[in-house]
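*Asks:* Line by line, the protein sequences are chains A and B. Taking my numbering, the leading residue of the first sequence gets 64, the next gets one more, and so forth. Taking my numbering, the leading residue of the second sequence gets 12, the next gets one more, and so forth.
Hints may be right or wrong, so weigh each one.
[Said to hold, decoys possible] Only some residues are given here: those of chain A computed to face chain B with a beta carbon under 8 Å:
id, residue
1, 249
2, 315
3, 317
4, 323
5, 327
6, 330
7, 352
8, 354
[Unchecked claim] Coverage of chain B stretches by chain A, computed from C-beta distances (three or more under 8 Å per stretch; other residues unrestricted):
id, segment
9, 13-25
10, 58-68
11, 148-161
12, 260-267
Hints listed in this document are in silico derivations from the structure and should not be mistaken for laboratory results. Just so you know, even glycine gets a beta-carbon here, dropped at the ideal spot from N, CA and C.
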Amino acid sequence: MSATIEIRDVAKIFRQFSGVFTAPRMVRAVDGVSLTVPAGGCFGIVGESGCGKSTLARLILGLHPASSGDILVDGRSLMAMPRRERARLIQPVFQDPFSSLNPRRSIHDIVGLPLAAQGISGSEITKRVHAMLERVGLRAEMAGRSPAQLSGGQRQRVAIARALVLGPRIVVCDEPTSALDVSVQAQILNLLADLRRDMGLTLVFISHNLAVVEHICDEVAVMYLGRVVEHAETDALFRAPTHPYTRALLASVLTPEPGLGIPDVGLGDAYPDPANIPPGCRFHPRCPMVTAACRTELQVPRRVGERVVECMLA
Amino acid sequence: MSALLEVSGLRVRFNEKAEAVRGVSITVNKGETHCLVGESGCGKSVSALAVMGLLAKGGIRTADALSFAGQDLRGLTEGQMSRLRGDKMAMIFQEPMTSLNPAYTIGSQMAEVLVRHRGGSKRAALDRAAALLGRVGITAPGLRLGQFPHQLSGGLRQRVMIAMALMCDPDLLIADEPTTALDVTVQAQILRLLMELQAELGLAILLITHDLGIVARMAHRVSVMYAGKVVESASAEALFAAPTHPYTRGLLDCVPIPGKIARGAPLGSIPGTVPRISLGFQGCGFRDRCGHADASCAQDVPAQSFAEGHDYACRLPAGWATERAA
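Based on the sequences and whatever the hints tell you, model everything.
*Replies:* Quick look at the structure:
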């Protein structure tokens, strides 16, 4: 049995200090997102920096309380769940394995910490840590080393081992391969795909690398300035992107095919600022298809065939 | 086409234990983009810094030849080098926030480049700065000149860096991972801008990147680096059509290409990690990770040619990859 995550109209607003005498800036990092993550799948969330994808990941992990809305796992509210129980259900893998592992601890302690926090005894911890390290492709004797003695790829394997040692049903990966070299990135992606299949995990995979998302995800949600602007099955999304932003995002993927040149993505030099969200459609200052109505009318998600698009032109 | 930058047998070491660059040869022709590609630690950035004479303290550079526009760079003093840098040889770095001075406005930093190298008034320099900001696609250049780096987005800062590099009409632009810190949409915009500028100004570009997508789309010539050496060098078409060094082939297999690899099918990957190369290292640096290595790989690696202008450093015969596939 796998978990289903239901995100119901979730918002997260941060107050950003902007000086002693000025009012704090209200950063609407996630601004009304509703999504259903099916059990056992790999769900991709893509978007540019500042679109709120990492904040959404932290909300799903329960690391931030939501400002409004609710997140349900198997019909139970995440907010109401005790921390230890949540930890047995959902675990994270973060981007940078250089800062997400405590440099003063051994690998054994890092991977064993979630077990210790659940009150499991020392010998049982060692047994499970060794088994987990081998499962992610590390030798058990690495348990005695410190993170500084490992390469980037090995560290990310340790982070994955730590995430899986409690046997969670959901793993939220926030840019798990962005800090790694391409040859190592492929090793880690293959490992995640194996583990998902063998352990029946539900993966939430957050990335700005569309080629990677296309390769491993079944469903993709595209975020822009705190909202999901398009959500569809991977094939449908990549074959026929509907939102102008999705199209620009896909057009800017540079595949290793010589002779194609660099595409004109046509987005201008406006830059999205989550503390200063434009009226009407959030994307209108950069949209190549903008109409007068886009500048004033608030967009709502609409179902177009099998996909959900937040654009009146779609 | 004539060679603008000629590097041959470049070696860099920082101490007695490690050699970062072990005999790199690159030629960049006028109006051409030469991509230096490889994973972190392969020596691509150090090679570029060595060419510009910007190695960190303690770095020792030797080369059989190192010439820029016919001028031998090896004998130049630091003063002569610094007159060349930012003038005929300009550079852009990865992180525009750390390469711009946070305490000065965009305008004063840009004007300084021109005044230092060419003299003239600050006013005239500011006019040129405004014109160039417009050229790199920045709206309201007058406003931007008065702003500080922290007031600009990452994409805008990188455009400012490019405009600043162009202040003195350089012949060669060395760009070290210029778009790695940027979003994909902004990356496409910046790279497109570089291509336009190249066509317009006849710039030669030495582009350092780890991204094979950028290489395929931007490069005329490509040099693949591994463990301080160029392991394969060819035109972009030739390299992607017939990658011959096992490392190049492995690297290309690692990249998911939408529509080419079935979803869920495992990606190719290269086992192991990049080795540390000590001084006096013998043989092929890739042999520990290579599926084709044998005992002879621990001795000197033969330099072979796949075709005219397509060279690689490996013991395997030129047609090995295609024969195996057939």
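*Asks:* Take the hints in turn and mark each one as holding or not.
*Replies:* Going down the list of hints, with the structure as the test:
{"no.": "1", "hint": "249", "verdict": "4 Å, holds"}
{"no.": "2", "hint": "315", "verdict": "4 Å, holds"}
{"no.": "3", "hint": "317", "verdict": "3 Å, holds"}
{"no.": "4", "hint": "323", "verdict": "6 Å, holds"}
{"no.": "5", "hint": "327", "verdict": "6 Å, holds"}
{"no.": "6", "hint": "330", "verdict": "5 Å, holds"}
{"no.": "7", "hint": "352", "verdict": "15 Å, violated"}
{"no.": "8", "hint": "354", "verdict": "21 Å, violated"}
{"no.": "9", "hint": "13-25", "verdict": "violated (count 0)"}
{"no.": "10", "hint": "58-68", "verdict": "violated (count 0)"}
{"no.": "11", "hint": "148-161", "verdict": "holds (count 3)"}
{"no.": "12", "hint": "260-267", "verdict": "holds (count 7)"}
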